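Asker: Here is what each chain is made of, one letter per residue.
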Amino acid sequence: MSTGIGARVKRKEDKRFITGKGKYTDDIRGDNQAYAAFVRSPHAHARVKGIDIAAAAAMDGVIAVLDGKQLTGDGIGNIICGWAVSSKDGSPMNMGAWSALATDRVRYVGDAVAVVIAESPAEARLAAEAVEVDYEILPANAHADRALSKSAPQLHDNAPGNLIYDWEIGDGAATDKALAGAAHVTEMALTNNRLSPNAMEPRSAVAIYDASDEHYTLYTTSQNPHVARLVLSAFYQVAPENKLRVIAPDVGGGFGSKIFIYPEEITCLWASMKTNRSVKWTADRSEAFITDAHGRDHHTTAKMGFDKDGRIVGLKVDTIANLGAYMSLFSSSVPTYLYATLLSGQYNIANIHCNVRAVYTNTVPIDAYRGAGRPEACFVVERMMETAAREMGRDPAELRRLNFVQAFPHQTPVIMAYDAGDFDANLDQAMAAADVAGFAARRKEAASRGKLRGLGYSSYIEACGIAPSAAVGSLGAGVGLWESAEVRVNPVGTIEVLTGSHSHGQGHETTFAQIVAERFGIGLDAVSIVHGDTDKVQFGMGTYGSRSGAVGMSAIVKAMDKVEAKVRKIAAHVLEASEADIVIEGGQVKVAGTDKAMGWHEVGLTAYMAHNLPPDMEPGLKESAFYDPANFTFPAGTYICEVEVDPDTGETEIVQFTASDDFGTIINPMIVEGQVHGGIAQGIGQAMLEQVVYSDDGQLLTGSYMDYAMPRASDLPFFSVHNAATVCPNNPLGIKGCGEAGAIGSPPAVINAITDAIGNNNLAMPATPQAVWNAIQAAK
Amino acid sequence: MTKVTMIVNGKAVSREVPDETLLSDFLREKLRLTGTHVGCDTSQCGACVVHVNGRAVKSCSTLAVALEGAEVTTIEGLSNGELHPMQTAFNEHHGLQCGFCTPGMIMTSVDMVARYKSEGRKLTAEAIRTELEGNICRCTGYHNIVRAVEDAAGKM
Ligand code: FES
Ligand code: FES
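Residue numbers (the numbering used here), protein chains in the order written: chain A, 781 to 1560; chain B, 4 to 159.
It is worth saying that the hints were derived from the structure and are not from the lab.
One or more of the hints may lead you astray.
What the hints assert, rightly or not - Here are the simulated lysine to any residue pairs, SDA-like style, with alpha carbons at most 25 Å apart:
| id | chain 1 | residue 1 | chain 2 | residue 2 |
| --- | --- | --- | --- | --- |
| 1 | A | Lys-1560 | A | Ala-1297 |
| 2 | A | Lys-1231 | B | Thr-133 |
| 3 | A | Lys-803 | B | Thr-133 |
| 4 | B | Lys-6 | A | Glu-899 |
| 5 | A | Lys-790 | B | Leu-86 |
| 6 | A | Lys-795 | B | Ala-69 |
| 7 | B | Lys-125 | B | Asp-114 |
| 8 | B | Lys-33 | A | Arg-809 |
| 9 | B | Lys-6 | A | Leu-906 |
| 10 | A | Lys-1338 | A | Thr-1374 |
| 11 | A | Lys-1376 | A | Gly-1430 |
| 12 | B | Lys-33 | A | Ala-902 |
| 13 | A | Lys-1338 | A | Lys-1560 |
| 14 | B | Lys-14 | A | Thr-799 |
| 15 | A | Lys-803 | B | Glu-32 |
| 16 | A | Lys-1342 | A | Asn-1411 |
| 17 | A | Lys-803 | B | Thr-24 |
| 18 | A | Lys-795 | B | Thr-91 |
| 19 | A | Lys-868 | A | Asp-1098 |
| 20 | A | Lys-795 | B | Lys-125 |
Claimed, not checked - Sample of chain A residues at the chain B side, in silico, Cβ under 8 Å:
| id | residue |
| --- | --- |
| 21 | Ile-798 |
| 22 | Met-1486 |
| 23 | Arg-1492 |
What the hints assert, rightly or not - Pulled a few chain A residues facing chain B out of the computed Cβ check, cut under 7 Å:
| id | residue |
| --- | --- |
| 24 | Asp-807 |
| 25 | Gly-810 |
| 26 | Asn-812 |
| 27 | Gly-855 |
| 28 | Phe-1219 |
| 29 | Asp-1315 |
| 30 | Phe-1319 |
| 31 | Tyr-1388 |
| 32 | Met-1389 |
| 33 | His-1391 |
| 34 | Ile-1460 |
| 35 | Asp-1487 |
| 36 | Asn-1503 |
The model shown is predicted, which means the values in this text are computed figures rather than measured ones.
Where is the CB? At the ideal position from N, CA and C, for every residue including glycine.
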């Protein structure tokens, strides 16, 4: 059975997970382990007038009580946002100071003011409760749309009116003109609801300081340990990079929330040095809800104009984006370059303009969550398309088809240059698989049972394979977004691949091994993938933005190219043949057309014995590479959702969910389908269940699984997942990426289906039974 | 502090623990059986499920000292040598991604299948979904988990 590209290979990493042998951060115990508990603000906005630690410090087991003054006094720097986005008037974004432990003011419920280090978690928690903080409560605001009003409380002195930036993209005047001349204009107000990522493994950190070497080790729940080390070192001045090792062992899901460097990791490292103890912190779920960066929370009005034939002439979008109380690591890029640049969707639109105002509110910081900006863009475009079709009396599939981009490359008016795709093919495949032709009959049959049946489309596109370094640099990114890899062939022919990508569920230990084993004709078991440790892997930008295939694997391919070149030289030398005649297959390195061959392992041995190498060749067989992508990649597809609504209760059942995706080359379809399933589940969660709710004064009302509706097995259907691919021309394997598509494409499909069923286009997410019932009543 | 003795994965273990010690802490911190995970603090997610006297129990909501003499099986003790059919099915059907919910999912599912078998009831996909009410997975969308349980049910 083939294990190469396209094979449904069972995952190599499963064994340890299904037997309970996974090693997650909280499973690790340092020498001399102590435990941290944070003292957190119960108020959404307050001045810190004083902190009395006396009672806490005297409690059993307490080693230290540390606060923000000590932290900043030791030179630990503020938490920063690493992507500079300027306002349209050229002024830089207004980044408010964020200290890992607040010194004078707290700005959201959960903002940390002090930390207790104790012998046990229980003692640390008890003592944290005994720390007395004198707060002067200030007025607070949790809502983005209120943040810009004159009466709203001001969060940061350097951000007048709570405005972080007022940014735009596209040609406003041309778009206005196009809309003025349009035969039909669809106008909508759309909210993209605020979500909590909820990776099932809560965040955790184990910081181990070695005083003899002034060296720090941090085990942490990270999607990008090298980025964590870089930021901890360069910006927070915790320790120089050569004195800081960051290890992200098994990580239990991320979805974006584990990209960022949070106050807790910084504090644990610093506290480890202060106390000369290993310091561990693990969030409980309640703490995760008030510390993990949230996602989405966009408030948008949009106008889409069409000519008399149904062609889109212009799209104008105005968005207020909530970034919470402070700017998290990549927060600025999410509602700008990851959002507005995708507003062309799959369509030929000559005129687009988008204005985005990002604002501070007294809530948990908001940053990238699965899809990051692209679900918000897709929701705007695809809700508008469906609604416009209904308003104009056109078939929603045909309206899309009429406007699809047909020729590639295609330059949109909002930066992106789509490189390849066949949008018709995905639409056709989805329509056939969903049996759209039979829908009318199914609707009739449902009606006979008193149910409202509806069908909704979503034709999504996203920009993945993040990202060409120079391009993102010109847009304000503070890092390059290449990837690195090292391929080490051992003297016995086994191979270790060290990758800067990080797997927290994506199955890299299997898929990455597949491309290596296939390339060198060896068994899958002879290949090991090493990731997640800054002492082992040379560097890496980590895993997010569906980049591990398109960027991470491309780096591996580059390194393999170098290995292969050396193997050819060695074999040609030993076998006395020309390099061009060397072929590598089936565990052998052969001379084509002859019976001359050497085993793969013999090449390794020859390289390391170095008794018989070509003149001037260095011994060993190990190569590394850095790969910087030439362009973003553009996964796209069509999702079709079919629902039945009970008009008496508003209860909605998804009776069929069909996906047709174009991810480019697929290495392991089993794993890719799994990614789509998980993404769709999160998208359905957003559309029907999930919502972070704050009271007006900033108290989090959805702080546990009792109140925040996570999708359960009984909330979801089986998914019908299909693939109609075009190859990505911009990377060696032709990969586009698959990690976020499900979460991007599905919410509008669901809402389009429900609104189709109930005959009211005005329905906000999450479409709970109550919301659906209300919409039904409003339409009567 | 109370001394508690129980049989964990077939071996008798005794520890002196504070009365408020949860079984999940007892297993993870006292016995270092870290395959049992803790994913929430409201008894909702099921990452912590183990078997107590043959029944699935949320170890985050069970006091260790209440289990004097009990038989506890964790994910580490589910199979001896050979994988349990439920473990194999999770691998075969790609029923896990990050693996964090997996121990609890498997322990819940083993109990589920055994219960339905002993009661002579048919375990449909719909029933599996309902039975998984107390187990949250954020990665898989449950599709492949349900398939894995269906498959294992036929082999147990
Ligand atoms: S940890 Fe026990 S149910 Fe979540
Ligand atoms: S596999 Fe990650 S939570 Fe289930």
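Asker: Indicate, hint by hint, whether the structure satisfies it.
Answerer: Now the hints, each set against the structure:
1. A:Lys-1560 x A:Ala-1297: violated (62 Å)
2. A:Lys-1231 x B:Thr-133: Measuring from Cα to Cα gives roughly 22 Å; hence the hint holds.
3. A:Lys-803 x B:Thr-133: Violated. Lys-803 (chain A) to Thr-133 (chain B) sits at ~30 Å, over the 25 Å cutoff.
4. B:Lys-6 x A:Glu-899: holds (21 Å)
5. A:Lys-790 x B:Leu-86: holds (15 Å)
6. A:Lys-795 x B:Ala-69: Status violated; Cα separation ~33 Å.
7. B:Lys-125 x B:Asp-114: holds (14 Å)
8. B:Lys-33 x A:Arg-809: holds (12 Å)
9. B:Lys-6 x A:Leu-906: holds (23 Å)
10. A:Lys-1338 x A:Thr-1374: violated (29 Å)
11. A:Lys-1376 x A:Gly-1430: The given pair, whose Cα atoms are some 73 Å apart, is violated under the 25 Å limit.
12. B:Lys-33 x A:Ala-902: Holds, because 14 Å separates the two Cα atoms, which is no more than 25 Å.
13. A:Lys-1338 x A:Lys-1560: Roughly 62 Å between the alpha carbons, so the hint for Lys-1338 (chain A) and Lys-1560 (chain A) is violated.
14. B:Lys-14 x A:Thr-799: Distance ~18 Å between Lys-14 (chain B) and Thr-799 (chain A) Cα, so the pair holds.
15. A:Lys-803 x B:Glu-32: Status holds; Cα separation ~14 Å.
16. A:Lys-1342 x A:Asn-1411: holds (23 Å)
17. A:Lys-803 x B:Thr-24: Between Lys-803 (chain A) and Thr-24 (chain B) the Cα gap is close to 23 Å, so the pair holds against 25 Å.
18. A:Lys-795 x B:Thr-91: The given pair, whose Cα atoms are some 9 Å apart, holds under the 25 Å limit.
19. A:Lys-868 x A:Asp-1098: Within the cut-off at roughly 14 Å; holds.
20. A:Lys-795 x B:Lys-125: Violated. Lys-795 (chain A) to Lys-125 (chain B) sits at ~29 Å, over the 25 Å cutoff.
21. Ile-798: The hint holds - Ile-798 (chain A) has a Cβ within 8 Å of chain B, the shortest such distance being about 4 Å.
22. Met-1486: holds (5 Å)
23. Arg-1492: Check passed: Cβ of Arg-1492 (chain A) comes within 6 Å of chain B, closer than 8 Å.
24. Asp-807: holds (4 Å)
25. Gly-810: It is violated, given that the least Cβ distance between Gly-810 (chain A) and chain B is near 14 Å, above 7 Å.
26. Asn-812: Violated, about 16 Å.
27. Gly-855: With a minimum Cβ separation of about 35 Å from chain B (threshold 7 Å), the hint on Gly-855 (chain A) is violated.
28. Phe-1219: Given a least distance of 23 Å, the restraint on Phe-1219 (chain A) is violated.
29. Asp-1315: Violated, about 23 Å.
30. Phe-1319: At about 24 Å, which exceeds the 7 Å cut-off, the nearest Cβ of chain B leaves the hint on Phe-1319 (chain A) violated.
31. Tyr-1388: Check failed: Cβ of Tyr-1388 (chain A) comes no nearer than 35 Å to chain B, outside 7 Å.
32. Met-1389: Because about 39 Å separates Met-1389 (chain A) from the closest Cβ in chain B, which is outside the 7 Å limit, the hint is violated.
33. His-1391: Result: violated, 44 Å to nearest chain B Cβ.
34. Ile-1460: The hint holds - Ile-1460 (chain A) has a Cβ within 7 Å of chain B, the shortest such distance being about 6 Å.
35. Asp-1487: violated (9 Å)
36. Asn-1503: violated (16 Å)
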